[in-house]
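Visitor: So the sequences go chain by chain: A and B.
According to the UniProt record's numbering, the first sequence is numbered sequentially starting from 1.
According to the UniProt record's numbering, the second sequence is numbered sequentially starting from 1.
If you're looking for bench data, these hints aren't it; they were derived computationally from the structure.
Heads up, some of the hints might be wrong.
[Unchecked claim] Quick list of the computed label-pair ranges, beta carbon to beta carbon:
| no. | chain 1 | residue 1 | chain 2 | residue 2 | range |
| --- | --- | --- | --- | --- | --- |
| 1 | B | R86 | A | N217 | 41 to 49 Å |
| 2 | B | K112 | A | M145 | 42 to 50 Å |
| 3 | A | N217 | B | P152 | 28 to 36 Å |
| 4 | B | K77 | A | G259 | 25 to 33 Å |
[Stated by the list, open to error] Using 20 Å as the maximum straight-line C-alpha spacing, the simulated PhoX-like pairs for lysine-lysine come out as follows:
| no. | chain 1 | residue 1 | chain 2 | residue 2 |
| --- | --- | --- | --- | --- |
| 5 | A | K199 | B | K77 |
| 6 | A | K187 | B | K49 |
| 7 | A | K95 | B | K42 |
| 8 | A | K116 | B | K49 |
| 9 | B | K159 | B | K143 |
Remember, it's a predicted structure, so these values are computed and weren't measured experimentally.
Beta carbons are placed, not taken as given, at the ideal position from N, Cα and C, and that holds for glycine.
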Amino acid sequence: MRGKSIALITAALGLMGLSGLALAQKTSIEAIEEYREMLQDGNPADLFEAKGEDLWKKKRGPKNASLEGCDLGLGPGVVKGAFVELPRWFADTGKVQDLESRLLTCMSALQGIDPKVIIDGQWGKGERANTTALATWIAAQSKGMAFHLPQGHAQERTMYEVGKRLFYQRGGAHDFSCASCHGEAGKRIRLQDLPDLRKAPGDGIGFAAWPAYRVSNGQMWSMQHRLHDCYRQQRFPEVVFASDVTVALGVFLGVNATGDKSAVPTIKR
Amino acid sequence: MKPQITTACLGLLAAAALAGCAGASRTAGLPSPAELDALTQKAVQESFKDHGIVKVKNVFADDETISACNAADAAGKPLDDATAKRLEALNMKTVQWPSDGKFLGSWKEGEKLAQSGRGLTFTDTAKTPNGGNCYNCHQIDKKEISFGTIGPSLYHYGKLRGVKDPNAPEARAMVEYTWGKIWNSKAYSACSNMPRAGHMGIMTKSQVADLVALLLDPQSPVNQ
Numbered sequence: 001m002r003g004k005s006i007a008l009i010t011a012a013l014g015l016m017g018l019s020g021l022a023l024a025q026k027t028s029i030e031a032i033e034e035y036r037e038m039l040q041d042g043n044p045a046d047l048f049e050a051k052g053e054d055l056w057k058k059k060r061g062p063k064n065a066s067l068e069g070c071d072l073g074l075g076p077g078v079v080k081g082a083f084v085e086l087p088r089w090f091a092d093t094g095k096v097q098d099l100e101s102r103l104l105t106c107m108s109a110l111q112g113i114d115p116k117v118i119i120d121g122q123w124g125k126g127e128r129a130n131t132t133a134l135a136t137w138i139a140a141q142s143k144g145m146a147f148h149l150p151q152g153h154a155q156e157r158t159m160y161e162v163g164k165r166l167f168y169q170r171g172g173a174h175d176f177s178c179a180s181c182h183g184e185a186g187k188r189i190r191l192q193d194l195p196d197l198r199k200a201p202g203d204g205i206g207f208a209a210w211p212a213y214r215v216s217n218g219q220m221w222s223m224q225h226r227l228h229d230c231y232r233q234q235r236f237p238e239v240v241f242a243s244d245v246t247v248a249l250g251v252f253l254g255v256n257a258t259g260d261k262s263a264v265p266t267i268k269r
Numbered sequence: 001m002k003p004q005i006t007t008a009c010l011g012l013l014a015a016a017a018l019a020g021c022a023g024a025s026r027t028a029g030l031p032s033p034a035e036l037d038a039l040t041q042k043a044v045q046e047s048f049k050d051h052g053i054v055k056v057k058n059v060f061a062d063d064e065t066i067s068a069c070n071a072a073d074a075a076g077k078p079l080d081d082a083t084a085k086r087l088e089a090l091n092m093k094t095v096q097w098p099s100d101g102k103f104l105g106s107w108k109e110g111e112k113l114a115q116s117g118r119g120l121t122f123t124d125t126a127k128t129p130n131g132g133n134c135y136n137c138h139q140i141d142k143k144e145i146s147f148g149t150i151g152p153s154l155y156h157y158g159k160l161r162g163v164k165d166p167n168a169p170e171a172r173a174m175v176e177y178t179w180g181k182i183w184n185s186k187a188y189s190a191c192s193n194m195p196r197a198g199h200m201g202i203m204t205k206s207q208v209a210d211l212v213a214l215l216l217d218p219q220s221p222v223n224q
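Here chain A stands alone, though its shape is the one from the complex:
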């Protein structure tokens, strides 16, 4: 599995190098479709999925417990269908949580793993990397299902309204907001097509595309990682892992994506 995936990735990167111009003349979506076809039998995200499943079932942490009792919103241990209803409000924490902030709660309560280690951690390392793998496996269990985030609780609707304000918040040296790039249909940065995130951009696009494996850097990116890097490129400061800003934006994007089918784990540039 691993050898095959790496060979395919290498082939894809080689092809990018050799025919860079040819690829540049296609839309980026077409080019990504090509990688996707090439990697169909061996999406490297499979490795992260397998790791995530293992981490869910294995007894770990100071309390030597598995995560199988974790309630992701549909009851303890229910994984299928949970992702397409997140972020949502949880009675036990009294907070609206996305998949990764919810995982922090479960890892802390069930396994005794300190959330601070993950919040202050680094992408691709230690328990932060474990959280990404868990998110990949959990999200993939809802592949093909349509997003339908609950908005019944006042806090869920409050977070939507806060998320909307964040989406339109310009700032920093360049006055960029999320909406600078994702507030209109049919726009591009260079050759990169940009989803219009004010509404449902389509199955497997925008919110419905993450977690994704990124071919360009060989990393598995969760939605938290995607938002973190969007803000970096916006010239904003670092957004704290699982912070209220990330959750509120998740609610805004997720509710707007209602009806779009999740395609995770996907493959991105």
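With chain A held as given, fit chain B onto it using these hints.
Guide: Structure of chain B alone, referenced to chain A:
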């Protein structure tokens, strides 16, 4: 929670406001718009941290134009004309004009700046040269096929505007506009998507002159 929403909707139904029910149920029991603004700012203060050269206090510093445009966008209604004009005038006052009277620099240097999207992120250092980010959003030189579409095409910018000699008196207004637009885009359109390259210190005066040359120099590939 749900019973409350139902009651609110029934109340509206009784008032024969069927169409308003769905909208009302979304905002039922929510904080007021002003309270939501405050909650948003609280979340921002708690959710971002300084990283490298990017500081929270600078990124979210008070800026009347930015605050007004953010609020207008979130509310889904554009600024009223009077406010837009007032903010544009405010931004116009910030435009710094070339100290030596030279509006046009080197179009070749301008093209290099237009190509680069680097600088000022938290993974850059103070020494990273800033790019102009121009091709991210605009078509400029026809030879560059990798261009964005968030802004209008700038191909044939000078030619289409009839600028044959940028030093001629009849070209003066267009030359000044081009400089001013790059220095502070909000002086001409209060909520423009375009960065304020000079005003925010992204580009120096000499770099702005290079970009003006890229757009207006008759020798620039833009005008071929």
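Visitor: Hint by hint, where does the structure go against what was stated? Just the numbers, ascending.
Guide: Violated hint: only 6; rest satisfied.
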